[in-house]
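Just so you know, the protein sequences line up as chains A and B, in that order.
Residue numbering for the first sequence is 1 to 315, as defined by our numbering.
Residue numbering for the second sequence is 1 to 297, as defined by our numbering.
Fair warning: there could be bad hints in the mix.
[What the hints assert, rightly or not] A short, non-exhaustive set of chain A residues, derived as facing chain B with CB atoms under 10 angstroms:
(1) P40
(2) V54
(3) W68
(4) N171
(5) G183
[Said to hold, decoys possible] Residues from chain B that keep clear of chain A, each with C-beta distances beyond 12 angstroms, as calculated:
(6) E22
(7) V27
(8) L42
(9) L142
(10) V145
(11) V146
(12) A211
(13) P232
(14) R241
(15) L248
Honestly, the hints are just simulated from the structure, not real lab data.
The beta-carbon is built from N, C-alpha and C at its ideal position, and this holds for glycine as well.
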Amino acid sequence: MASRELEVVHSPQVETPPSRGPLSAFLDRLIGPFHRGEAPERKPAMGFYTDTTVCIGCKACEVACKQWNQLPADGFAWTGNSYDNTGELSATSWRHVKFVEQFADNQPPEPTGNGRVSLHVLPDQPHDVRWLMMSDVCKHCVAAPCQQACPTGAIIHNEFANVYIQPDICNGCGYCVAACPFGVITRSTLSGHAHKCTLCYDRQKDGLVPACAKACPTASIQFGPIDELRERARRRVEELHRRGVPGARMYGSAPTETYTELHSFYLLVDRPEVYGLPEAPFNPWLHMLGDYFRTAIAGAVTLAVPLAAFLLWGA
Amino acid sequence: MQTKTNLPSPTGYAGIVTKPPEWHTLVVFDILFNNLTTGLFLVAAVGELAAPATFTPVATWAYPVALALLLADFACLVLDLGDSLRFHHMLRVFKPSSPMSLGTWSLTVYSLLLTAIVAVEFVAAAGWVPGDSAAAWWIRTLAVVVGLPFAFGSAAYKGVLFSTTAQPGWKDARWLGAYLVNTAVTLGAAELLVIAALTGEQLAVDTLRLAVGLLIVLNLVALALLVGDLYPLLSRLYARREFGVAGLFVLLTGVVIPASSLLAGGVPVTASVAVASLILASLGVRFAIVRLPHDAT
């Protein structure tokens with residue numbers, strides 16, 4: 001695969017178009033977004049399967065994502081409470097390794113006055129402590145609320161059935177941010193546009209594995225055709241159950257009553273909330289028709305009041 | 001196993017995982033101006049079509065006011081975008097699954113028809129065509145009739161836009177759309193009352209005083225339904241005292257002051273006090289609604 005990447009680097013570069021006048025540039029800006037290309041041929045659905053049981057929290061995925069997608073650094077600051085110094089997914093962090101520390105019998109150490117935990121009060125018995133790590137990313141929902149919300153058509157399902165934001169179309173209305181039940185999409189303070197994981201669309205088009213999956217040293221992040229990944233995950237859960245991990249479960253590999261399956265799904269060993277995932281994600285669009293109906297009825301009843309007054313007393 | 005606090009949230013990663021959008025004061029004013037323009041148009045159009053002799057002279061003044069309010073709404077809408085120069089990208093697609101897309105198209109058609117009405121009125125007022133020209137009258141009436149459903153759509157989409165999200169509070173607000181469209185009509189009737197009082201149309205004033213009074217009561221019902229939806233979150237976020245103060249504010253500005261002003265008479269001053277008080281109440285409620293997800297997270 002590495003040689004393929006070198007080939008991509010050395011492939012012919014696109015020539016810069018000659019500069020044009022301001023009127024032409026203005027018209028391009030005005031009319032350009034309305035031009036439609038041909039939709040690419042549909043490919044097998046691709047996605048991520050993240051096995052959190054083998055994540056070691058190395059953050060290679062975060063680094064690889066930032067490097068490939070040329071995302072700026074977010075600064076470097078310790079929270080004082082964890083090795084998680086990324087905090088959350090953002091417009092410039094499309095991968096985020098979560099660190100969850102759990103204690104069986106001992107109470108977790110109390111932070112001192114400045115909100116930090118002293119290393120001297122960490123428990124003496126390592127077996128009482130469990131660290132869960134999870135590399136979080138956009139879930140690439142099959143019916144994605146962000147895509148349903150987007151009024152410009154900037155958010156699409158691409159030929160690999162991944163949720164993709166067309167950066168030249170997004171106008172930063174922020175509706176996708178409000179619609180996402182996982183808190184993934186963020187509007188950039190620099191460009192004003194919404195950003196999130198593209199599932200390395202550019203690499204996929206060239207037949208390459210997404211940067212994070214490529215960099216993951218433990219195969220915690222696996223990439224491939226979604227059906228194969230689901231089968232692989234199912235076998236892994238069975239294996240973990242046999243090996244005495246009864247809490248092993250899949251998250252997002254199958255649809256629920258309130259949400260479709262995810263094209264980026266997880267193997268967890270605790271409740272989803274522990275990892276910062278909603279226990280039962282809900283697609284807000286399930287309410288939409290009912291809300292319109294209530295609004296229409298209320299509007300009609302309200303308008304009937306002045307209408308009646310005008311007909312009875314105003315004529 | 002017990003999970004340690006490892007992020008600013010006291011429950012670690014558990015808790016509310018959604019991110020509130022960067023919607024703040026501009027959005028509050030966007031909702032307000034949206035309600036003011038669509039409500040005024042709706043009530044003026046219904047009045048003009050139901051009782052033309054009484055309401056056409058008032059509606060003639062109402063449409064330019066509605067257009068000015070619509071322009072203010074557009075300014076808020078455009079400026080609130082992350083990239084304002086791309087506002088026209090909203091018109092790339094018509095997507096009924098997106099309340100924002102449906103609202104954009106409703107507003108676009110409504111704005112074109114409202115502009116046409118005002119243009120016809122302007123042309124007639126300037127004497128370029130006779131004011132009683134049949135063609136001009138037909139164009140204007142057609143634009144008023146066709147504009148009704150689009151003005152209604154423009155008023156109705158906003159609440160559904162908020163309730164069709166994953167944000168705490170908004171996602172539970174099943175009656176938000178109903179409340180906003182109800183407020184739009186109430187505000188519109190109050191605005192028309194001011195215009196009628198200013199133009200001295202006494203029959204219109206008397207009729208509108210009655211209509212606004214009834215609408216204020218209906219608005220209280222819609223607000224109660226909305227608060228019922230939001231109560232679990234509101235009671236968690238705010239202390240009983242804060243809740244009481246907010247309730248008192250809304251009751252005073254949304255009911256007591258406007259109702260007293262209506263009872264005091266139908267002169268421009270009392271009508272203006274009533275509409276100003278209603279706008280104040282609307283602003284308060286809209287501020288509270290827009291900040292809900294920010295307070296919850």
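Tested hints:
Because the beta carbon of P40 of chain A sits about 18 angstroms from the nearest beta carbon in chain B, more than 10 angstroms, this interface hint is broken. Because the closest C-beta pair between V54 of chain A and chain B is about 19 angstroms apart, greater than 10 angstroms, the hint is violated. Hint on W68 of chain A is violated. Least Cβ distance to chain B is approximately 24 angstroms, over the 10 angstroms limit. At its closest, the beta carbon of N171 of chain A sits 4 angstroms from a beta carbon of chain B; the interface hint therefore holds under the 10 angstroms criterion.
A cut of 10 angstroms between beta carbons decides the hint on G183 of chain A: the least distance to chain B is about 4 angstroms, and the hint holds. At the 12 angstroms boundary, the C-beta of E22 of chain B falls inside the reach of chain A, the nearest C-beta of that chain being 6 angstroms off. Distance check for V27 of chain B against chain A: the nearest CB is about 9 angstroms away, which does not clear 12 angstroms, and the non-interface claim fails. Here L42 of chain B does not stay apart from chain A, with its beta-carbon only about 6 angstroms from theirs, under the 12 angstroms limit.
Every CB of chain A is more than 12 angstroms from the CB of L142 of chain B (nearest about 20 angstroms), matching its label as outside the interface. Separation of V145 of chain B from chain A is adequate, the least Cβ-Cβ distance of about 14 angstroms exceeding the 12 angstroms criterion. For V146 of chain B, the requirement that its beta carbon stay farther than 12 angstroms from each beta carbon of chain A is met, with the minimum near 16 angstroms. At roughly 4 angstroms from the closest C-beta of chain A, the C-beta of A211 of chain B falls inside 12 angstroms, breaking its exclusion from the interface.
A cut-off of 12 angstroms between C-beta atoms confirms that P232 of chain B is not in contact with chain A; the least separation is 15 angstroms. For R241 of chain B, the non-interface assignment is confirmed: its Cβ lies about 29 angstroms from the closest Cβ of chain A, beyond the 12 angstroms cut-off. Even its closest Cβ contact with chain A, about 25 angstroms, leaves L248 of chain B beyond 12 angstroms, as expected for a residue assigned away from the interface.
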